[in-house]
Amino acid sequence: MYKSNSPLGVTRCANVYGCSKQLRVTSYCFKCNDFLCQDCHNFHVKNKLLKDHQKHTLSLEDIESKSITIEKLASMRDAPRCLIHPEKISELYCKTCDNLPVCMACMLGVHKGHDLYEVGALAKSTREMLAKKLETLEKLHKERNLSIPKAKEKLLSNVKSEKESLLKMYESKVKKTKTEKDDVERRREELKIEKQKTEKQIFDSLQREKEKEIEMVNKKYEELFKLKKIESSNLLKDRESYVERELAQLIQKLENFNRDKEELLESIKIELSKNLKDIEAILEYFENTNKRFKNLHALASSILASENDWTAALCIPDVQDAADNLIKDLKKDFPELQTLSNVKINYKQLSFGKPSMFKISEQIESKITLNNTYYYVDGMTSSGEGSIVISGCSYGGKEAFIIVIDVNGKIIRQKKITSGSFSPLQLCDFLSQTKVATVCQPNTVGIYDVYDNSYTNKNISDVISSWPKDRYVTCVATDPVNNHILVGGINCRDVYVFDDQLNYLHILTLPEMIKWPVDITVSDGHLLVCDYDGKKAYVTTMDENKCRLVGEFKKPDLVDFKPWSVCTDKIGLVYMLWRYGILGQCYLVQYNFDGSQLITTRKMDDEAYVVAVVDTTKGKNSS
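For what it's worth, the numbering used here labels the leading residue of the sequence shown as 16, then goes sequentially.
Hint data in this document are derived by calculation from the structure and do not stem from the laboratory.
Small disclaimer: the values here were computed from a predicted structure and weren't measured.
Hints may contain errors.
Quick list of in silico lysine to any residue cross-link-like pairs, SDA-like style, CA-CA up to 25 Å [said to hold, decoys possible]:
id: 1; residue 1: Lys252; residue 2: Pro495
id: 2; residue 1: Lys70; residue 2: Ser317
id: 3; residue 1: Lys157; residue 2: Met144
id: 4; residue 1: Lys191; residue 2: Ser611
id: 5; residue 1: Lys346; residue 2: Ala146
id: 6; residue 1: Lys570; residue 2: Asp197
id: 7; residue 1: Lys215; residue 2: Asp539
id: 8; residue 1: Lys569; residue 2: Val537
id: 9; residue 1: Lys569; residue 2: Lys585
id: 10; residue 1: Lys210; residue 2: Arg260
id: 11; residue 1: Lys268; residue 2: Met184
id: 12; residue 1: Lys430; residue 2: Tyr466
id: 13; residue 1: Lys570; residue 2: Tyr547
id: 14; residue 1: Lys207; residue 2: Lys244
id: 15; residue 1: Lys190; residue 2: Ala263
id: 16; residue 1: Lys154; residue 2: Glu168
id: 17; residue 1: Lys127; residue 2: Asp113
id: 18; residue 1: Lys243; residue 2: Val537
id: 19; residue 1: Lys585; residue 2: Ile420
id: 20; residue 1: Lys430; residue 2: Val626
id: 21; residue 1: Lys284; residue 2: Glu179
id: 22; residue 1: Lys306; residue 2: Glu153
id: 23; residue 1: Lys473; residue 2: Ser409
id: 24; residue 1: Lys585; residue 2: Asp548
id: 25; residue 1: Lys585; residue 2: Ala263
id: 26; residue 1: Lys343; residue 2: Asp333
id: 27; residue 1: Lys196; residue 2: Ile614
id: 28; residue 1: Lys167; residue 2: Cys52
id: 29; residue 1: Lys46; residue 2: Leu98
Can you make the complete structure from the sequences, with help from the hints?
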């Protein structure tokens with residue numbers, strides 16, 4: 016006989032008459048003590064040899080529909096007769112012989128000395144055991160019926176919450192990106208206006224000068240106007256190209272947002288469908304056990320309510336077996352219910368990154384060796400021939416140096432400069448196609464010729480009487496439009512201006528919020544200032560005597576970092592090193608033209624102290 020999930024645990028027929036069809040059982044014969052399929056049931060009803068079996072055959076549909084009564088159930092079974100004395104009704108059970116029904120004669124014969132019980136006592140004991148198991152079944156049934164709806168409700172709630180969170184994040188990112196896109200489009204229009212305005216300003220300025228000069232000078236300024244116009248046009252054209260690339264990236268970013276959103280929503284839909292399908296499978300299992308529970312509960316309750324001891328004693332063992340199987344099935348755990356109620360969303364799939372539009376070349380070592388002597392790199396710039404000019408000082412602080420290398424790092428020429436000072440910090444900046452401006456601590460300003468390796472310098476205190484004896488130079492920059500050299504000093508807001516012959520011209524006084532410049536550079540007629548002690552960077556005018564504040568660079572999200580070095584590329588984008596102390600961490604930050612927008616941040620080697628943009632090939636930039 017095959018045990019399964021039908022009432023009383025039987026699904027397929029294999030009765031004592033040798034049925035081999037294994038069809039689904041539909042009835043039970045109390046004479047045969049076996050389940051019957053429909054064919055065997057028909058055989059029982061029609062065969063005259065089994066006429067006495069007919070009233071003892073019970074349809075399982077009566078049990079499932081609860082239409083059977085205890086009286087009908089009792090009538091299905093005869094009072095058991097003694098196996099040794101069939102003519103006598105059994106009155107006792109022999110526990111020694113596995114609850115075998117026996118008569119009074121057997122008690123004094125074959126079963127003498129055995130453990131004998133009255134049928135009433137045995138029925139009472141089995142009723143109590145069945146009642147306890149029925150109580151356990153009711154408790155497990157109640158717990159299981161509550162767990163499934165809760166898991167399903169939690170799943171639907173979590174899906175709704177995650178979906179709403181995703182849509183809110185998507186809308187926020189799209190709104191922000193559209194704002195950035197509008198800002199770029201606005202700047203593109205501003206550049207067009209600026210281009211027209213710049214050309215007009217150049218034309219008007221040169222036109223006024225032309226009217227004051229003789230014909231030869233007039234011709235000179237016409238040629239100069241053409242040159243300036245070409246330079247300005249090229250600069251603005253490069254900036255327009257940069258803005259167009261940035262705009263294209265932002266448009267692509269919006270398209271990526273839409274694609275990623277649809278993919279994530281589809282993944283949620285697929286996962287929801289899969290989880291619901293798995294939960295429905297578990298629910299189907301519990302519905303099957305519920306059906307078995309109801310059938311068993313109805314049968315057991317009827318037996319417990321009956322006062323027929325023979326019915327209780329004979330039926331309860333089978334009911335108990337079925338109850339044990341059902342308890343085992345109800346205790347089966349489904350840990351996957353916890354995971355099926357959750358939905359996982361891969362937010363990393365969304366392309367929220369900021370596009371980078373510059374690359375960093377291989378870094379030059381902060382220390383180099385010349386003739387077995389270590390030198391520290393303090394300054395770096397480009398030359399008109401596409402080479403790199405590096406300046407610095409020796410490890411002992413008694414010598415400064417200038418080295419010219421090609422883009423592959425090969426030394427083209429070099430020059431040593433002896434100093435009486437202990438720490439001759441050597442800095443440099445591009446001045447013209449063939450010349451580089453330098454400053455060397457404590458107070459020397461000079462010009463180095465890249466082609467002939469010549470070096471000319473002056474002591475600033477000899478040229479400027481107001482230069483304090485304890486003031487050290489900290490930075491140098493050049494104004495390519497006017498061929499001016501700008502020098503800053505420690506603990507001072509004054510920037511000293513020289514011409515390309517090292518003649519002192521005037522002072523630029525920085526705004527009061529600036530303590531002193533550790534580095535400066537000139538961009539579009541403005542001065543970019545790194546205020547190391549003030550932990551900020553600024554943009555100022557270059558008005559003679561007193562400069563006005565134009566703006567402040569947006570500080571990267573780096574606590575206590577300070578600006579250390581600054582430069583610009585050929586289209587005006589700004590690059591700035593931010594350091595955490597002199598020996599701490601270092602980051603390179605790329606800004607837009609006026610420093611109001613932070614574009615990209617890169618972690619650098621902790622020993623990086625100088626940033627420069629070098630023209631390695633004609634018409635191209637490498638930073």
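Hints, one by one, checked against the model:
{"no.": "1", "hint": "Lys252 - Pro495", "result": "20 Å, holds"}
{"no.": "2", "hint": "Lys70 - Ser317", "result": "20 Å, holds"}
{"no.": "3", "hint": "Lys157 - Met144", "result": "20 Å, holds"}
{"no.": "4", "hint": "Lys191 - Ser611", "result": "17 Å, holds"}
{"no.": "5", "hint": "Lys346 - Ala146", "result": "18 Å, holds"}
{"no.": "6", "hint": "Lys570 - Asp197", "result": "23 Å, holds"}
{"no.": "7", "hint": "Lys215 - Asp539", "result": "16 Å, holds"}
{"no.": "8", "hint": "Lys569 - Val537", "result": "18 Å, holds"}
{"no.": "9", "hint": "Lys569 - Lys585", "result": "21 Å, holds"}
{"no.": "10", "hint": "Lys210 - Arg260", "result": "19 Å, holds"}
{"no.": "11", "hint": "Lys268 - Met184", "result": "15 Å, holds"}
{"no.": "12", "hint": "Lys430 - Tyr466", "result": "12 Å, holds"}
{"no.": "13", "hint": "Lys570 - Tyr547", "result": "13 Å, holds"}
{"no.": "14", "hint": "Lys207 - Lys244", "result": "14 Å, holds"}
{"no.": "15", "hint": "Lys190 - Ala263", "result": "17 Å, holds"}
{"no.": "16", "hint": "Lys154 - Glu168", "result": "22 Å, holds"}
{"no.": "17", "hint": "Lys127 - Asp113", "result": "15 Å, holds"}
{"no.": "18", "hint": "Lys243 - Val537", "result": "18 Å, holds"}
{"no.": "19", "hint": "Lys585 - Ile420", "result": "21 Å, holds"}
{"no.": "20", "hint": "Lys430 - Val626", "result": "22 Å, holds"}
{"no.": "21", "hint": "Lys284 - Glu179", "result": "14 Å, holds"}
{"no.": "22", "hint": "Lys306 - Glu153", "result": "13 Å, holds"}
{"no.": "23", "hint": "Lys473 - Ser409", "result": "21 Å, holds"}
{"no.": "24", "hint": "Lys585 - Asp548", "result": "29 Å, violated"}
{"no.": "25", "hint": "Lys585 - Ala263", "result": "21 Å, holds"}
{"no.": "26", "hint": "Lys343 - Asp333", "result": "16 Å, holds"}
{"no.": "27", "hint": "Lys196 - Ile614", "result": "14 Å, holds"}
{"no.": "28", "hint": "Lys167 - Cys52", "result": "39 Å, violated"}
{"no.": "29", "hint": "Lys46 - Leu98", "result": "15 Å, holds"}
Hints 24 and 28 from the list above are not met by this structure, while the remaining hints are.
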